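Heads up: the sequence lines are chains A and B, in that order. Count along the first sequence from 1, add 269, and you get the number used in my numbering. Count along the second sequence from 1, add 37, and you get the number used in my numbering.
Quick caveat, the hints were computed from the structure, so don't treat them as lab data. Fair warning: this is a prediction, and the values are worked out from it, not measured in the lab. Beta carbons are placed, not taken as given, at the ideal position from N, Cα and C, and that holds for glycine. Please note that the accuracy of each hint is not assured.
Across the chosen pairs, the derived CB separations fall in these ranges [unchecked claim]:
1. ALA523(A) to ASN164(B): 27 to 35 Å
2. ILE315(B) to ASP573(A): 25 to 33 Å
3. LEU274(B) to SER540(A): 38 to 46 Å
4. PHE168(B) to ALA312(A): 50 to 58 Å
5. SER167(B) to PRO340(A): 48 to 56 Å
6. ALA435(A) to VAL130(B): 49 to 57 Å
7. ILE45(B) to THR607(A): 28 to 36 Å
8. TYR308(B) to ALA444(A): 36 to 44 Å
9. GLY488(A) to ILE315(B): 47 to 55 Å
10. SER167(B) to GLU495(A): 23 to 31 Å
11. SER540(A) to ARG220(B): 23 to 31 Å
12. ARG604(A) to VAL55(B): 46 to 54 Å
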Amino acid sequence: MKSGIKTLVLVLMILLISTALFAGGQSEEGVKPIKLGGVWPLADITGEQGSKSAQLAVDEINAAGGLLGRPVELIVIDSEFKPEKGAAAIDRLATIENVDVFLGGMSSGVHLGQIPTLKKYKKVTVWTGAASGRAEEAMGPDAAWYFHLHPWDYNQGASYVEGWEAIGAKYPDLATAKWFMAYEEGAFGTASFNNWVELWGDNGIVEGESFTSAAFGGGDYSAVLEHAKEANPDIFVWAGYAADALPMMEQTKAVGFEPKTYIGSPPGWPSDFGDSPLAENVMFYGMWTPEMNKINKISKHYYDAYVKKYKATPETYFAPLGYTAVYIIAEAIKRAGTVETEALIKALEATAYESPLGETITFGPSNIIQHQGIRRQKIIQWQNDKQEIIWPFEYKTSDPVYPFPSWNKR
Amino acid sequence: MIKYWKYILIAIILLLGVLFPFYAGAYQQSIARTVLIYLVLAISWDMLLRSGQLSFGMAGLFGIGSYASVLLLLRLGASPMLSILGAGLVAFVVAALLGILVLRLRAMYFAITTLAIGEIFRIIIRNWSSFTGGPEGAILPNIIFDGDPVLSYWLVLGLALLAIVLSVIFQKTRIYFALTAIRNNEVVAKSSGINIFKYLVIVFAITSALQGMAGGVFAQTYGFVTPESSFSADYILLPIAMALLGGIYGTLGPIIGTVLLGVLAEYLKLYIPYGHLIVYGIIIICIIMFMPQGIVGVVRSKIIRREVG
């Protein structure tokens with residue numbers, strides 16, 4: 270009997286403590302802060318640096334007196350790259366932390382799982398990640414409270430075509446007629462390839478073959494690279510993840526494949542990729558590089574402040590994107606004079622934010638949603654361990670180096 | 038008297054579980070749904086393990102169930118509830134057919150074969166774009182119960198209770214004794230007239246149906262499927278870790294392990310946002326190293342020692 274009572278008490282205590290543990294929330298002493306709730310995958314460089322950059326922006330805003338006479342607080346929760354965890358994070362931010370605005374985001378798969386929960390609360394949301402058109406489809410046309418910063422996959426594809434046509438016209442020796450794309454077999458790589466064929470197919474020859482990314486247990490690209498070599502394209506591009514970057518270069522060298530132009534298209538690079546001699550003159554797509562500091566004072570301010578605060582350099586465009594999201598929200602709150610949803614939506618619609626990414630960000634309709642922000646990626650090239658912007662020409666920090674240098678001349 | 042307290046305890050826990058949405062918020066319900074899904078996977082994995090067969094097929098059967106549920110709704114217009122039952126049926130049939138082919142294998146040979154289930158179906162789904170949505174997956178026009186969190190919670194709770202009841206029944210029927218006999222000594226079991234193959238196929242198919250229904254519930258709750266997320270290795274590794282922590286070869290162990298690890302993961306995340314996964318991993322490794330028999334095993338051996346002493 271004694272052991273029965275003990276077990277009963279123990280189980281009840283576990284249940285009560287489990288419930289109480291998550292009932293946290295902040296005390297409401299003094300002036301009530303304006304709360305921003307961020308969800309990122311914190312174990313990934315995109316989420317780690319994106320959330321830290323958002324905190325940097327919040328610190329700057331608070332140092333300048335806050336918003337509407339109130340301090341700003343950023344509450345960050347890890348999505349762990351899992352849809353159910355990302356959705357639970359939104360629930361916590363909405364019901365326990367009582368945030369005024371949601372922000373953050375990386376990964377279409379996680380976002381797909383969060384969308385039903387976001388729709389439940391209909392709070393103003395400024396999202397920095399998710400490129401898959403499936404996510405846009407799931408969000409639908411009625412979500413006036415949803416502001417999406419990252420370009421959708423079809424925006425990206427269209428901007429690449431625009432960029433390569435412009436580069437082809439400006440640098441006629443840089444041939445762009447025949448393409449070969451090696452793409453990881455998941456949603457990201459396959460969507461990249463399909464978009465590319467759809468957008469570029471009429472203007473050039475596009476071939477492609479899939480591989481299993483090193484991020485998902487793959488890492489042997491030799492068969493794909495041999496086929497690419499046989500195809501002898503003007504431009505070779507691989508769409509995979511950071512884990513593929515260095516092995517892909519090593520194996521390209523090993524099979525003796527020397528395309529005239531070499532493009533890598535991961536969402537983020539390994540932090541030491543530029544240190545490798547194999548990286549020299551590889552081109553890639555992105556929204557920002559540290560070289561933006563040469564031509565954009567907001568970028569320089571952001572970069573210096575990040576380095577000062579975190580003693581590390583921002584390595585991914587998701588970092589300034591997190592910073593940008595906070596400032597877009599802050600400016601809208603100032604314009605609206607409130608955090609009330611309807612007024613804030615109207616204020617966000619009037620956004621014209623000069624961002625560290627170069628462009629002045631405004632919102633307008635995309636294929637489905639009402640408020641799409643950025644629509645273009647940039648074409649960038651590794652040159653002497655720096656990430657020089659090649660296109661759009663208004664942000665150009667260097668001319669392209671081509672053809673891609675031979676492996677034995679590095 | 039002990040029996041008396043046992044039933045009171047079960048009734049209180051059941052009541053607390055059913056009434057959970059009335060004293061816990063949306064976030065706690067969301068976490069509880071996830072924990073209960075993993076509970077179904079952990080218990081169903083353990084049920085087959087009791088026969089000595091180690092399966093790594095949970096992710097595959099979870100993914101098959103997820104897709105079956107979404108495609109039954111999208112392509113055949115089935116209701117969400119019917120599509121979840123359909124998901125269980127599809128997983129049952131797949132497992133029964135596969136079981137007939139591979140359940141003569143033992144140990145690692147069987148384990149590796151079950152691991153391949155997920156990979157084979159993931160490849161088919163990824164390449165059959167016109168039907169499955171391909172690598173980008175498919176989305177539902179509406180989530181189940183129009184997103185009502187209380188009903189969604191009760192649905193997952195119902196599935197978890199079904200898994201628990203089946204697991205308990207297994208322990209009280211001749212199937213359990215047959216399974217235990219198979220695990221302890223297959224040759225002796227055979228010579229005692231136990232139809233090993235039949236029992237293994239039955240258990241494999243039933244536990245797979247539970248895993249398929251868990252996938253169906255998950256897909257209907259979050260409104261989407263993709264090959265990567267629906268066939269994620271998390272659905273293999275976490276349930277196994279949870280069952281090992283609580284203690285294998287029984288119903289109570291996986292329940293305790295799942296609740297503890299599920300709650301611990303969230304607790305750590307809130308207090309160590311940038312390093313919780315490392316701490317979580319270290320805790321799992323330490324527990325498995327120093328408590329290989331799990332919590333239930335440790336408690337049981339202490340009780341036995343005290344009674345003997």
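Against the structure, the hints come out as follows:
1. ALA523(A) to ASN164(B): 27 to 35 Å: At 29 Å between Cβs, range holds.
2. ILE315(B) to ASP573(A): 25 to 33 Å: holds, 30 Å
3. LEU274(B) to SER540(A): 38 to 46 Å: violated, 27 Å
4. PHE168(B) to ALA312(A): 50 to 58 Å: violated, 35 Å
5. SER167(B) to PRO340(A): 48 to 56 Å: For SER167(B) and PRO340(A) the Cβ distance comes to about 53 Å; the hint holds.
6. ALA435(A) to VAL130(B): 49 to 57 Å: At 55 Å between Cβs, range holds.
7. ILE45(B) to THR607(A): 28 to 36 Å: violated, 53 Å
8. TYR308(B) to ALA444(A): 36 to 44 Å: 56 Å Cβ-Cβ, so the 36 to 44 Å window is violated.
9. GLY488(A) to ILE315(B): 47 to 55 Å: violated, 24 Å
10. SER167(B) to GLU495(A): 23 to 31 Å: holds, 30 Å
11. SER540(A) to ARG220(B): 23 to 31 Å: violated, 49 Å
12. ARG604(A) to VAL55(B): 46 to 54 Å: Holds, at about 48 Å.
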